[in-house]
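> Each chain, written out:
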Amino acid sequence: MSAATDTVVPEAPVITAAGYWTGVLKRFSRDPVAVTCAVIVLLLILSAVFAPYLGLDDPYKASMIKRLKPIGYPGFPLGTDEQGRDMLSRLIYGGRLTLFVGLVPVVLAFFIGSAFGLVAGYAGGRINALIMRTVDVFFAFPSVLLAIAISSALGAGIVNSLVSLTIVFIPPIARVAESATASVRALDYIDAARASGGGALTIIRVHIIGNVLGPIFVYATSLTSVCMILAAGLSFLGIGVRPPEPEWGLMLNTLRTAIYVNPWVAALPGLMIFITSLCLNLLSDGLRSAMNVKD
Amino acid sequence: MSKTEAESGQQDRGGPGQPLIIAKDLKKHFPVRSGLFSRRSATVRAVDGVSFDVMKGETLGIVGESGCGKSTTARLLIGLIELDEGGIIFDGDSLGGDIGLKELRRGVQMVFQDSYASLNPRLTIVDSVAFGPKIQGLDKPAERARDLLARVGLDPDRFAQRYPHELSGGQRQRVNIARALAMEPRLVILDEAVSALDKSVEAQVLNLLNDLRREFGLTYVFISHDLNVVRYISDRVLVMYLGEVVEIGPSEAIYAKQAHPYTASLFAAMPSMDPDNRTEEPPLAGDPPNPIDPPSGCRFHTRCRFAEDVCAARKPALSIIGGEEAHLAACHIHEPGSGHSLANREAAQ
Amino acid sequence: MTGTPLVEFNGLKVKFKGERTVHAINGLSLSMQAGETLGLLGESGSGKSVTLKTLLRLLPPRRSEIEGEVRVNGTDITTLSGRALSAYRGGEVSMVFQEPALALDPVYTIGDQIAETVMRHKGVGRFAAMEVALDMLNRVRIPSPERRLKNFPHEMSGGMRQRAMIALALACRPKLLLADEPTTALDATVQIQILLLLRELQREFGMGVIFVTHDIGVAVEVSDRIAVMYAGNIVETGTTRDVIKNPRHPYTRGLLAANLHGAVKDERLDAIPGSPPALEEPPSACSFAPRCAFARPQCLAGLPPVTDLGAGHSVACVLEQPAFS
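Chains as they are written, first to last, in my numbering: chain W, 1 to 295; chain Z, 296 to 644; chain F, 645 to 969.
Bound conformation, chain W alone (with noise of 0.2 Å):
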């Protein structure tokens, strides 16, 4: 046998996949549960950016002689609330304030709770005790007596309840970002990349945040839930959002006296509630496994 051959040998195959976020989208599109929740929350979110295009009835004209009507009443799809006004128009219009109430601060917490975590994760040492030792303060409160605290300190209002939530998400953010910088400053990469010259803030920039900015944006999703229950309840015990404004916290609150009389059409805020931050922390669920690169 000669070791001499003219055969040309084939190159061995190589594993060949596209991009990472192509992949993440490939493998969140295989998860119906996800794509479903996806499909409502955007709906959601659409009608209530387009609800004045929509060909509603204007949800702040009341009607005495039409106070609580049936789901399926001629004229209102979904009855009518104890003012008479149309509870389709007012769930859809309510949706804009409670969407934005329950996203804003989350978004804000996000961006600030990032920055503390990213900077107390890769400094480690005195820097991270104290940034993380007086995130652990908050902690100590549990989050819903830490936003009615907060809101009734400052007063009443939209703005002041953006405010206080924003403050209650912080320290949970930083938490999760702090611990996902840790893990990521510790591999080799990070040690090479110093190893390279790179200074501290390039490092972050380049090496940290792609990686970190995945995990915080899933749980941060997981809170906009959270989030949109707490300003409910804000609402519900009337430091948040102010009657008239339609808002599926304070509609709740109004609507409850007459869980007697009409419950179905009482129980539609809280169903709205219910669906949205159900399909906000699957899809968050769903977010995390595409993620999730070692599979």
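I should point out that these hints are in silico values taken from the structure, not numbers from a laboratory. Do not take every clue at face value.
Stated by the list, open to error - No farther apart than 27 Å at their CA atoms in a straight line, the calculated lysine-lysine pairs in the DSSO-like style are these: (1) K661/F with K26/W; (2) K909/F with K552/Z; (3) K909/F with K351/Z; (4) K659/F with K26/W; (5) K322/Z with K610/Z.
Quantities reported herein were computed from a predicted structural model and do not represent experimental measurements.
Please arrange chains Z and F on chain W, whose structure you already have, making use of the hints.
Structure of chains Z and F alone, referenced to chain W:
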């Protein structure tokens, strides 16, 4: 060789006789924190007085078991962790005096064991390789990165835009080597760089490392637990045990005859490749002791079959073996007049 | 000795479904006798661990498709379920893992874990089971075993934990022990201790052992026979002596050369080029041909025939066909 240096822009200052890097009495102790108030309760003596030098163009192999401090030594050499005591002299310039960390890291680069963890998963490999040159302000970093990818055997047209997870382990390790070379280092530290690879791939990477050494006039510090690989690649070998150097010398001398009982045990622990002549008795019993609380005197005396009272009482110094000045071992048996019963016999020979 | 083989694979195929289909095992046939130690040698992705998992029925049923026969002591284990399966696992067959720190339960003492297994499989009381546990720790040469019985896994060193793991695996006197790279995570001086211990225990208990490893030296130390795996199939099998001293398959030879035992410094290594196939399709030709220095057109024409060289030495390579010699 002069061409390489001119290219790299880093001058050989002391001439070939001056070691490229001298490690003097390196010490690194890590506090082990425990308890609620994180009081310092114990210390891991990871590296405890390690000295050696690496000549220009040579490959120094460092061997030892887990916890012996070989990886800590590597990270000290490149300044990734701070020295507690001791000094590093890079081609005549002392770190902290004549040159800073920045200058040291231009001359010293490192390849890590875990090929996946040492690449940023969100960067294409060409960006990973170009990161260092970009930071250092070298011109045309991307072009340089593509050239190096080609040099380590990865066709840039096919591979440059891929992400680490789209490569095999061997390909990723080639990227890591390219990344280290992109800084135009003179010394490359290979910390178990081929250990995680499959054997057939390991041989390819070893061939590549040998080619690159010749082409770029590199000096290697090669850390591994595989004695076959170390023998193949190294000119000299340094054996570590619990943070200390127990033996150092030319690899052929050490492979022919191990002076320190620990080195001898390491060699005897290698699986036999002869089915008719399998290992019949393990050379050592038990696990390596904990570096938190290392034994007194010679740290190996708790497992050494030649241990006597003097071994527990006094730490042996590195002494010359067999009249060859380059071969040193820290063992009372080889130290004339140490008080060990075998020492005089050794001296008489 | 030529009764029913202890283990018999007949045309085993394992396919993983999911985002990417992987044909992990492709028509593996192999048999081993009782009391024999078989070294299953292969690199990552060769299917050696999948073979072990199939044998213990540990593959995720939804994501994997198994074809072919796997017989242990004459029983087809691919159809076992419920009580028969748990009696088989741990009773007839048990496994030693690569990472004892992960395989042992951190919240129970070593003694409790061994005793629990013995009580479950042998139906004895707690006191008798503890006696067995103590005896087992003695047999795996753990110093001061009485004290070690009350230790938790994290209180032991790596080598001690692996000994404890072996004690646990052997407590019910299995007929077959599966060892999945049990020494890879250990230091060299500890590895050799564990290898010699396994060799002694095998002689003492007379069980069959399948020892999976990527390290030829380790395989030589423990096995009577070696089977070399590549791309989900066995390319060469024979007695350890035959495979090491007279390797016939080009892949086996490449692996032996890559071990660097006796490699000369500065001399170029005879490295196998390329990397193993991704196995997204079932192989229709010799899987090694793309990396083989001896490849011929015939290699790509179809699956390589298995040639029996006598004395249990067989090779799946066209070059061993009479037409070529």
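> Evaluate each hint against the coordinates.
Consistency of the hints with the structure:
1. Proximity of K661/F to K26/W is assessed by CA-CA distance (about 16 Å); at most 27 Å being required, the pair is judged to hold.
2. Annotation: proposed proximity of K909/F to K552/Z holds, straight-line Cα distance about 18 Å (limit 27 Å).
3. Note on K909/F and K351/Z: the hinted pairing holds, with a Cα-Cα distance of about 18 Å set against a maximum of 27 Å.
4. Between K659/F and K26/W the alpha-carbon distance is near 22 Å, which keeps this suggested pair within the 27 Å criterion.
5. At most 27 Å may separate the alpha-carbon atoms for a hinted pair to count; K322/Z and K610/Z meet this at roughly 16 Å.
Checked against the numbered hints given earlier, the structure satisfies every one of them.
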